[in-house]
Every structure is written in C-alpha cells, then in structure tokens.
Amino acid sequence: METELIQNKNKIHPHKFTLWVAIGSIVMMFAGLTSAYIVKRSQANWQTFEIPVLFWYSTAIILLSSFTMHFSLKSFKERLMDKYRKGMLITMLLGVLFIITQYLGFRDFWNAGMTLQAGVSYSFLYVIVGLHAVHVLGGVTAIIVMSLKAFGTRKKSYSVVPVELISTYWHFVDILWVYLLIFLMMIK
Amino acid sequence: MSTVTVESTTHHQEHGDAHQEHHHHETFITKYVFSQDHKTIAKQFLVTGIIWAIIGGLFSVIFRLQLGNPESTYPWLEDLLGHWAKGGKLQPEFYYALVTMHGTILVFFVLTAGLSGTFANFLIPLQIGARDMASPMLNMLSYWFFFLASVIMMSSLFVQTGPASGGWTIYPPLSALGEASMGSKIGMDLWLISMAMFIVSSLLGGLNYITTILNMRTKGMSMTRMPLTVWALFFTAVLGVLSFPVLLSGAILLLFDRNLGTSFYLSDIVVAGKILPNEGGSAILFQHLFWFLGHPEVYIILLPAMGMSSEILSVNSRKPIFGYMAMVASLFAITILAFLVWAHHMFVTGLNPFLGSVFVLLTLLIAVPSAIKVFNWLTTLWRGNIRFTPAMLFAIGFVSLFISGGLTGIFLGNSALDIHLHDTYFVIAHFHIVMGVASFFGMFAGVYHWYPKMFGRYLNNTLAYIHFWVTIIGAYLIFWPMHYEGLAGMPRRYYDFSNWESFKMFGGLNEFISVVALVVFAVQILFVINFFYSIWKGRKVKDQNPWEANTLEWTTPIRPGHGNWPGDIPEVHRWPYDYSKDGKDFIPQDVPVGADESKH
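So the sequence lines, in the order shown, correspond to chains R and Y. Each residue of the first sequence is one higher than the last, beginning at 1 in the working numbering. Each residue of the second sequence is one higher than the last, beginning at 1 in the working numbering.
In short, the hints are calculated from the structure, not lab data. Keep in mind the model is a prediction, meaning the values are calculated, not measured. Idealized CB from N, CA, C, for every residue including glycine. Some clues are possibly wrong.
[Said to hold, decoys possible] Below, simulated BS3-like cross-link-like pairs (lysine-lysine); rule was C-alpha separation at most 30 Å, straight line:
1) 540(Y) with 584(Y)
2) 274(Y) with 40(R)
3) 16(R) with 31(Y)
4) 40(R) with 185(Y)
5) 43(Y) with 219(Y)
6) 149(R) with 77(R)
7) 581(Y) with 89(Y)
8) 149(R) with 16(R)
9) 83(R) with 16(R)
10) 43(Y) with 16(R)
11) 31(Y) with 43(Y)
12) 219(Y) with 584(Y)
13) 74(R) with 86(R)
14) 31(Y) with 149(R)
15) 584(Y) with 43(Y)
16) 149(R) with 86(R)
17) 185(Y) with 86(Y)
18) 219(Y) with 16(R)
[To be verified] Cβ-to-Cβ under 7 Å is the rule here; a few derived chain R residues that face chain Y:
19) 14
20) 21
21) 22
22) 25
23) 28
24) 33
25) 34
26) 36
27) 38
28) 48
29) 49
30) 111
31) 114
32) 120
33) 123
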C-alpha cells in the first residue's frame with residue numbers, strides 16, 4: 001500500500017499530462033506553418049517586412065502576464081485567495097490588452113499597404129500571428145470560465161489542478177509568442 | 001490487498017452488474033446518446049463507421065459501373081441521383097465527386113474514426129485495467145465532433161453543385177479556386193469545415209488515448225506487459241496528435257486562399273482566358289503540408305489493424321506472440337519513419353533528385369520493421385494449435401494482404417520506377433491492398449473477436465465464413481489485375497478509358513473487376529445484416545472468456561457496466577501471452593506467478 005501511494009504521488013495528474021500532449025500538438029501546427037513560411041521565403045516574389053512596432057508592446061504585456069499568472073498560482077497554493085483572485089484578474093486583463101495591441105498593430109500594418117492579399121509574406125504574418133492570438137483568447141476564455149465556476153457553485157473547490165493547467169497553458173502561449181517573434185525577426 | 005485469481009473473477013461474474021462502483025442514475029440520453037462510458041462511445045464510433053462504410057462502398061460500386069461498362073446506361077441511376085445521372089449515365093463531374101468522396105469517407109471516416117475510434121475506445125481501458133478514459137468528457141466530445149463532421153460531410157452530398165471533387169488529396173489550384181470545377185464550389189468549403197471538425201475530434205481522442213495508456217494502467221501493468229493492441233493504438237495516437245495539426249494548418253491556409261483572397265498556393269493562373277491576380281504562391285507547398293499528414297495517416301489506419309491481428313493470431317494459435325519486444329520496436333520504428341517519408345508521394349513534382357534519393361532510402365527502410373512484423377506473425381502461426389475462428393481467418397488474411405500490398409510498395413518507393421507508375425492503377429492496387437483492404441481485414445478481425453465483449457452475443461459463424469472467403473478472393477480478383485493495367489500506363493481517376501486505343505484491351509478486364517466489386521459489396525451487406533441482427537438475436541455468450549484469452553477485458557462480467565469491473569480492478573502479474581506454458585493452455589494476466597514457473 002505504501003509503495004502504491006508513493007507511486008501515485010510521483011505520477012503526473014492525467015489532465016496535466018493531456019495538456020502537455022495537447023501542447024505538443026499545437027507546437028506541430030505552428031511548426032507546420034513556420035516551415036511553410038521558410039519554404040515560401042526561398043521562392044520568388046517574397047517581400048520582406050518589419051513587424052509592427054506595437055507588437056513590442058504586446059511582447060512586454062504577455063511577458064508581464066506570465067509573472068502575474070505565476071504569482072497568482074503561488075498565492076493559490078499558499079491559500080491567499082484574495083491575492084490569487086486579483087492576480088488572475090490582472091492576468092486576464094493583460095491577455096485582453098495583448099490581443100488589443102495585436103489588433104492595433106495589424107491595423108497599422110494593413111494601413112501601410114501591407115494588406116492580407118498584398119503579398120504572401122504578409123498573409124503569413126496575419127495567419128501565424130492571428131492563430132497565436134486565437135490561442136491567447138482561448139486562455140482568456142478558460143480563466144473566465146474557471147472564475148464563473150468558482151462564483152457559481154456553493155461547493156468551494158480547493159483543487160490546485162485547474163489553476164495549474166491554466167498557468168501551464170498561459171506560459172506556453174507566452175513562450176510560443178516569443179518564439180514567433182524571434183522567428184519573424186530572424187527569418188525575413 | 002486480496003489477490004485476484006481466475007476463481008475470484010468468475011465469482012465476480014455471478015454477482016453480475018448489481019455491484020457497480022460507478023453507480024449513478026442514467027437516463028436513456030446519458031446512457032446511449034451523450035454517454036461518457038468508453039464502451040458506448042466505441043459502439044457509437046463503430047456504428048457511425050459502418051454507416052459511412054456502406055455509403056463509401058456504394059459510391060465505389062456506382063463508379064465501377066461507369067468504369068466497367070462505359071457505354072451502358074442505367075435508368076434506375078437517374079432515379080437515384082437525379083441530374084447527376086442524366087439519361088441513366090453517370091455525369092463526369094459526379095464521377096469525380098464519387099471518387100473523391102469514396103477516398104475521403106473510407107480513409108478518414110471509416111478507417112480512421114471507425115477503426116481506431118472504435119477499438120482505441122473499447123480496448124484501451126479494458127486491456128490496461130482502467131475504469132474509463134482519463135477524461136470521459138473529452139472522449140464524449142471526440143465522438144460528437146466526429147458526428148458533426150459527419151453531418152457536414154453528408155450535407156455536402158446534397159448541395160446543388162455537388163460535393164468536393166478534386167480528389168481526396170484536395171490539391172490546389174483545383175481545390176482553391178471556386179471556378180475550377182463544380183465540386184470546387186460550396187462542396188469544397190463544406191469538405192474543409194467537416195475535416196476541421198474531424199481533426200478536432202481525432203486530436204481530442206488521441207490526447208485521451210495517450211494519457212490513458214501512460215497514466216491509468218492498473219497495478220502491475222508495466223508498459224512491457226501491455227498487449228500489442230494497446231501498443232499499436234498508442235503509436236497510432238502519437239502519430240495522429242503530431243500529424244493532424246499540420247493538415248489543419250494546411251487547411252487553414254487553403255480556406256484563406258479560397259475565401260479571403262490570399263495566395264499561399266496560387267500563382268500565375270489563367271482560368272478561361274482570364275489571368276488571376278494571385279501571385280507568389282506555390283501549389284507544391286500544399287502537397288508538403290498535406291503529405292506530412294497524409295503519410296502518417298496511412299499508418300494511423302494500418303497500426304491498429306497490426307496490433308489487433310497480433311493479438312488475435314496469438315490467441316488463436318495458442319502460442320505466445322513471437323518476438324514481443326521486436327514487435328514493439330518495429331511499431332516504434334514505423335512511427336518514426338512515417339514522419340520522414342512524405343515526399344515519396346511527390347517524386348514527380350520537380351523535387352530535387354538528391355532529396356528524392358534521400359526519401360527513397362527512408363521509404364525503403366520501412367521494409368525492415370514491416371518485414372520483422374511479418375516474420376513474427378508467421379512464426380507465431382508456425383506449429384501453432386490453430387483455431388480457425390472468423391477473427392483468426394481475417395487476421396491471417398490481413399497478413400496475406402499486408403505482404404502482397406507491401407511488396408508493391410518497394411516498387412513505388414523507387415523514384416525512378418515511380419515516374420512511370422505514378423498516378424496509374426498500379427498505385428491504386430498498391431494502396432488499396434496494403435492499407436485499404438488490409439486495414440479492413442484488421443477491423444473485421446477485431447469486430448469478430450471482440451463482438452462477444454461488446455454485445456454479449458456472438459455473430460453468426462456461417463455468414464462470417466462466407467463473408468471472409470468471398471471478401472478475400474474478391475479483393476485479390478479486384479486489385480491484382482490493376483497492377484497490370486498500371487504497368488501498361490492506365491492512369492487513375494479517368495472517367496472513360498474506351499476513348500484510348502492503348503487501353504481498349506482492358507475493357508473486358510475492367511468489366512470483370514466491376515462485377516467482382518459488386519459481389520464483394522453485396523457480401524459486406526451480408527456482414528452488416530449479421531452485425532445488426534446478432535446484437536438482438538445472436539447466440540448469447542455464456543462463458544466469461546469465450547476465446548480463452550489472457551488479456552484483462554475477459555475478466556470483466558459478460559456485459560460490463562460503466563466502470564468495467566464490479567469489484568477491485570484486477571492486478572497484473574505477467575505479460576499477456578502466456579499460452580501453452582508449463583502444460584497449461586493459457587494463464588490470464590491476473591494470475592500470480594507460481595513458485596516453480598518457468599520464464600517465458
């Protein structure tokens with residue numbers, strides 16, 4: 001019995017594991033898109049571009065949100081529920097702000113004549129960055145759903161698993177953004 | 001902790017379903033429709049798959065009518081298809097739609113969802129000793145996304161311009177430009193939306209299968225004690241989870257090209273004398289993205305069939321599987337190689353010849369793990385005490401077809417030969433035998449073998465034997481001659497060969513193939529009748545372990561409830577292939593190892 005308990009303790013929670021596999025799957029999608037980008041770049045009619053300045057702001061915002069997410073999770077583990085809720089709220093708002101700056105960045109890009117149809121390189125930017133934004137939006141939705149559930153039921157849940165799941169996912173979309181940013185800067 | 005022996009498991013059975021651990025109130029809706037029980041979800045996948053198989057099969061029969069007798073007219077066809085068969089003659093546009101939908105349906109809806117959806121759901125928890133999947137909720141969603149995909153694909157059959165007709169590989173520009181053909185209009189959009197749903201379904205399923213296998217195994221069930229079915233389903237899920245997202249990204253780019261005016265795949269195209277504004281795109285890019293999924297997809301279809309055949313061959317030879325670790329290693333090798341050979345579908349696209357030769361090498365390397373598997377199957381059969389149950393016959397048929405179809409893969413894997421054989425009937429013959437019919441045989445073997453566990457009744461054996469013999473003879477009669485047609489250069493996807501002097505000599509042969517196809521299709525209907533009739537009227541299963549097999553699913557009650565085992569989950573003490581050992585015919589996995597027992 002003793003060994004069984006220890007075994008279970010060391011075992012990763014199935015839902016967390018599922019998330020890791022899902023992250024692998026999302027990575028493959030972006031790997032597909034960025035390698036398509038590389039293949040296209042080596043062919044004729046490729047136009048280089050500078051990424052919109054506003055994307056730097058969104059980078060700062062999403063990095064900051066990873067910190068707030070981290071502290072929120074830490075507070076939850078220490079049962080500082082007030083701090084945890086504030087941390088979650090700030091993270092979510094930063095997520096929304098990230099999407100807004102992305103949208104504004106795209107609007108500038110579009111108005112400078114680099115529309116979706118103007119060239120394949122621009123199309124790639126819209127699709128790749130846009131798909132990433134959809135994933136951030138998914139994270140924001142998850143936080144909202146989790147908060148609503150917390151308010152909705154009388155039974156208080158103190159399980160750390162959902163919080164950890166959202167936290168892991170959030171850091172993942174953050175890292176994914178940093179990768180995409182570096183990729184789009186390096187490979188023009 | 002009590003030790004669970006054979007005696008105590010039969011004891012469980014007497015208690016029946018009354019002692020369910022997961023006992024909760026269930027209505028008809030939660031029990032049969034939005035069920036979260038993996039066994040029910042498996043049956044939902046299977047029944048949906050069977051319905052699709054009938055439709056997909058019927059499509060092939062209809063276009064075989066055209067190929068076999070291009071001059072004839074069939075007035076009843078007009079009653080059935082309306083303006084698509086004006087005057088009883090299949091219209092060329094609809095011929096292409098039928099070919100496209102036949103491929104799409106059989107590859108994705110039947111042999112992916114219907115095969116691995118069914119058996120991964122059914123067998124993984126039962127064989128590793130889990131009460132259900134890691135996330136029953138995601139599992140249920142996986143089925144309903146598949147159902148949604150099915151509804152959308154089905155609805156595309158009824159739109160005025162017809163379903164997608166650019167081939168199941170949906171290469172642009174045919175698939176990217178609405179004006180390219182009838183099927184490139186709304187039918188193509190529905191195809192893409194349906195496939196997006198399908199990909200979501202298969203990802204949700206795959207995530208669950210992987211997590212369940214790695215996290216939910218019962219005590220004592222180490223990875224190396226898992227039945228080969230579970231290993232195969234595990235690698236299938238890995239392949240799906242890593243390759244379907246790439247198809248999704250390819251499909252997203254295609255949707256942009258179709259609807260938002262981008263040029264990912266389009267460049268310098270003239271349609272009806274009008275130059276399109278698109279430039280800078282590359283149609284070949286799509287092929288890379290498509291085949292990065294497309295080739296692993298072949299193994300997504302094939303691996304579950306391999307796993308189930310391994311299990312069934314061992315059980316019915318009353319012998320341990322030969323080379324268990326080699327079987328696992330070869331599954332692993334196939335999984336890795338599956339990701340590295342996609343460009344062998346693209347030898348004639350102007351691929352750099354050096355790159356081509358790398359892909360030739362990697363492709364031919366697949367022959368090594370495949371040969372290991374075949375060797376092990378044959379040595380498992382060798383001097384076995386073989387019981388020719390219908391499941392066993394289909395498993396042996398699988399091995400036969402895998403050899404016949406695999407050998408022609410070596411021809412096609414050579415880029416020099418492929419230039420001649422590309423897009424001919426040789427390719428049709430190759431992949432139908434090795435992937436289509438072989439996987440169907442694996443699926444049939446699985447259905448015949450686990451039907452008693454699924455429904456608590458047996459299928460009718462006489463009908464099963466008729467089904468087997470007609471199908472295997474028919475499959476060879478249909479596809480064997482196609483190799484010769486292909487070598488002679490007869491191209492695939494053509495509507496009417498009678499216009500070419502060089503293919504006229506195949507007129508009689510084509511007619512013969514069509515007649516056999518009709519007969520084989522009729523026998524499949526016989527199977528479907530047997531399947532549904534036996535659910536309610538089949539002979540009842542009286543024995544908890546009718547095949548005298550070692551795996552854990554046979555330690556559950558004859559009709560297991562939600563939660564699978566009424567009492568504790570059995571503990572595993574040995575690998576699943578202890579047959580004919582120490583004078584015993586079989587020793588189930590939950591029997592503790594005796595003091596003086598020999599090693600396997």
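Item to check | Per-residue hint verdict: residue 49(R), partner chain Y, C-beta under 7 Å | outcome: Hint violated; residue 49(R) Cβ to chain Y Cβ min 13 Å, cut 7 Å.
Checklist entry - Given the hint that residue 185(Y) pairs with residue 86(Y), does the C-alpha gap stay at or below 30 Å? => result Roughly 21 Å between the alpha carbons, so the hint for residue 185(Y) and residue 86(Y) holds.
Checklist entry - Can we keep the residue 34(R) interface hint, with Cβ of chain Y closer than 7 Å? => result 9 Å, violated
Next on the checklist: Checking hints one by one. Is residue 25(R) an interface residue toward chain Y, by the C-beta closer than 7 Å rule?
Outcome noted: 5 Å, holds
Checklist entry - For the hint on residue 123(R), does the least C-beta distance to chain Y fall short of 7 Å? => result Holds, about 4 Å.
Checklist entry - Is it true that the CA of residue 31(Y) sits at most 30 Å from the CA of residue 43(Y)? => result 12 Å, holds
Next on the checklist: Does residue 86(R) sit within 30 Å of residue 74(R), going by the straight-line distance between their CA atoms?
Outcome noted: 12 Å, holds
Item to check | residue 14(R) as an interface hint toward chain Y, with CB separation required under 7 Å | outcome: 4 Å, holds
Item to check | Given pair status - residue 584(Y), residue 540(Y), alpha carbons within 30 Å | outcome: Given that 30 Å is the threshold and the Cα spacing comes to 27 Å, the pair holds.
Checklist entry - Is residue 43(Y) close enough to residue 219(Y), meaning Cα to Cα at most 30 Å? => result 27 Å, holds
Next on the checklist: Quick check on residue 120(R) please, does its C-beta sit within 7 Å of some C-beta on chain Y?
Outcome noted: Hint holds; residue 120(R) Cβ to chain Y Cβ min 4 Å, cut 7 Å.
Item to check | Status of the hint placing residue 22(R) at chain Y (closest C-beta pair under 7 Å) | outcome: Since the shortest Cβ distance to chain Y is 6 Å, the answer is holds.
In summary, the numbered hints that this structure violates are 7, 15, 25, 27, 28, 29, 30 and 31.
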